[in-house]
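**Student:** The task is simple: from the sequences and hints, build the whole structure.
Position one of the sequence shown corresponds to residue 1 (our numbering), numbered consecutively onward.
Worth double-checking, as some hints may not be accurate.
What the hints assert, rightly or not - Each pair of labels, with its calculated beta carbon distance range:
#, residue 1, residue 2, range
1, 24, 4, 26 to 34 angstroms
2, 3, 31, 35 to 43 angstroms
3, 4, 26, 38 to 46 angstroms
4, 25, 1, 30 to 38 angstroms
5, 1, 22, 24 to 32 angstroms
These are calculated hints, taken from the structure and not from any lab test.
These numbers were taken from a predicted model, which means no experiment stands behind them.
Built from N, CA and C at the ideal position, the CB exists for glycine as well.
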Amino acid sequence: MSIAETLGLMIAFGSFTATLIFGILDAVKKTKK
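**Tutor:** In structure tokens, the structure reads:
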């Protein structure tokens with residue numbers, strides 16, 4: 001596995017995780033209001 005492939009996977013996984021976290025936070029904010 002090359003460095004470029006590893007970086008690409010890390011970036012894809014990171015953006016997916018960030019989207020998931022922001023989605024959960026947004027849902028929590030909506031339920032609290």
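**Student:** Next step is simple, just say for each hint if it's right about the structure.
**Tutor:** Now the hints, each set against the structure:
no., hint, result
1, 24 / 4: 26 to 34 angstroms, "holds (31 angstroms)"
2, 3 / 31: 35 to 43 angstroms, "holds (42 angstroms)"
3, 4 / 26: 38 to 46 angstroms, "violated (33 angstroms)"
4, 25 / 1: 30 to 38 angstroms, "holds (32 angstroms)"
5, 1 / 22: 24 to 32 angstroms, "holds (29 angstroms)"
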